[in-house]
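Quick note, the sequences are listed as chains A and B, same order. Numbers 22 to 197, taken from my numbering, label the letters of the first sequence in order. Numbers 407 to 473, taken from my numbering, label the letters of the second sequence in order.
It should be emphasised that the hints constitute simulated quantities derived from the structure, not laboratory data. Please note: incorrect hints may appear among the correct ones.
[Claimed, not checked] Straight-line Cα separation of at most 27 Å, DSS-like style, residue types lysine-lysine; simulated pairs: (1) A/Lys66 to B/Lys466; (2) B/Lys438 to B/Lys466; (3) B/Lys434 to A/Lys66; (4) B/Lys434 to B/Lys466; (5) B/Lys466 to B/Lys432; (6) B/Lys466 to A/Lys82; (7) A/Lys82 to A/Lys66; (8) B/Lys438 to A/Lys82.
[Unchecked claim] Simulated coverage check for chain B against chain A, where a stretch passes if three residues somewhere in it have a Cβ under 8 Å from a Cβ of chain A: (9) 407 to 418; (10) 423 to 430; (11) 433 to 442.
Ideal Cβ positions, reconstructed from N, Cα and C, are used throughout, including at glycine.
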Amino acid sequence: MSQASAEAIADTSFLVDWARYRRRDLLFQVFDVVYVPESVLRELKYPLAVDWVAESMASDKMALFTETAELEGEARRIMAMGRGRPLKRIDFPEALCLAAGLRFGYVVLTENGGAYFAPRVLGLNVAVWRAFELLLEAWRRGLVEDLAAELRRYEEETLHLFRRRDWELVCRLTRC
Amino acid sequence: MEAFEEARRLRRERADWQFIESLPPKLKAALKYYIETGDIYVASRIAGMSVDEFNELRIKARVPSVS
């Protein structure tokens, strides 16, 4: 896991799950600001996520990220790089977050498998975190007391499961 | 690829297939696509929904997201 930047950019796959988590404001104890692209904002329809994002923007914990033609071009280049590689397809919204992460040094928050493995498979110099890495970082900073219990709570509240390798890492770190 | 296979297996095993089969064709196809690929963005487009709306449908169908 790369060193955390104080700024992150979140895609829809991350936000729709994270917004359901009772301790979702942990996000702002790890990052000073989380950018939300306009294209991501358009995908949010329900009060649970919309209200949280709107309140977070009003208190400057989140900020609107407006896509530029240059970044959109970079995103399409990243999508093309992924084709024909042993990598799940990266859709445009995730590719845009990767492009912004590359350009501005933001940590990219996503649950998209293609985007998560892109740094390794495509050699991109960008940190990509899922909820797992975010909760791990929160635990390392002492914001979460019992990492395994918190991950289980996240799974229950969001119907988002972590993989076996993630749980093995948790066991190694916490000596469970 | 091992990670993707594990994720697909979990989605298939945990899904409420009875609920999925009871849905209109477009929603059923979208959920089946999601179970096979885990790609919520394209699945939401197949369903004719936003990602947020599709995520609610995913939860009703007891399909876990796995990453």
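Status of the hints after comparison with the structure:
A distance of roughly 17 Å separates the Cα atoms of A/Lys66 and B/Lys466; the hinted pair therefore holds under the 27 Å criterion. Our distance criterion of 27 Å between C-alpha atoms is met by B/Lys438 and B/Lys466, whose separation comes to about 14 Å. For the hint pairing B/Lys434 with A/Lys66, the CA-to-CA distance comes to about 21 Å; that is within 27 Å, so the pair holds. A distance of roughly 12 Å separates the Cα atoms of B/Lys434 and B/Lys466; the hinted pair therefore holds under the 27 Å criterion.
For the proposed pair B/Lys466 and B/Lys432, the alpha carbon gap of about 16 Å is at most 27 Å, so the pair holds. Under the criterion of a C-alpha separation no larger than 27 Å, the hint pairing B/Lys466 with A/Lys82 is inconsistent with the structure, at around 31 Å. In summary, the hint linking A/Lys82 to A/Lys66 is supported, as the alpha carbons are separated by about 20 Å, within the 27 Å threshold. For the given pair, B/Lys438 sits about 36 Å from A/Lys82 by alpha-carbon distance, which is inconsistent with the 27 Å threshold.
Coverage of the region 407 to 418 of chain B by chain A holds. Counting CB-CB distances below 8 Å, 6 residues qualify, and the rule asks for three or more. Against chain A, the region 423 to 430 of chain B contributes 0 residues with a C-beta closer than 8 Å to a partner C-beta. That does not satisfy the three-residue criterion, and the hint is violated. Figure legend: the region 433 to 442 of chain B, annotated as covered by chain A; annotation inconsistent (0 residues with Cβ-Cβ distances under 8 Å, at least 3 required).
Checked against the numbered hints above, the structure breaks hints 6, 8, 10, 11 and satisfies the rest.
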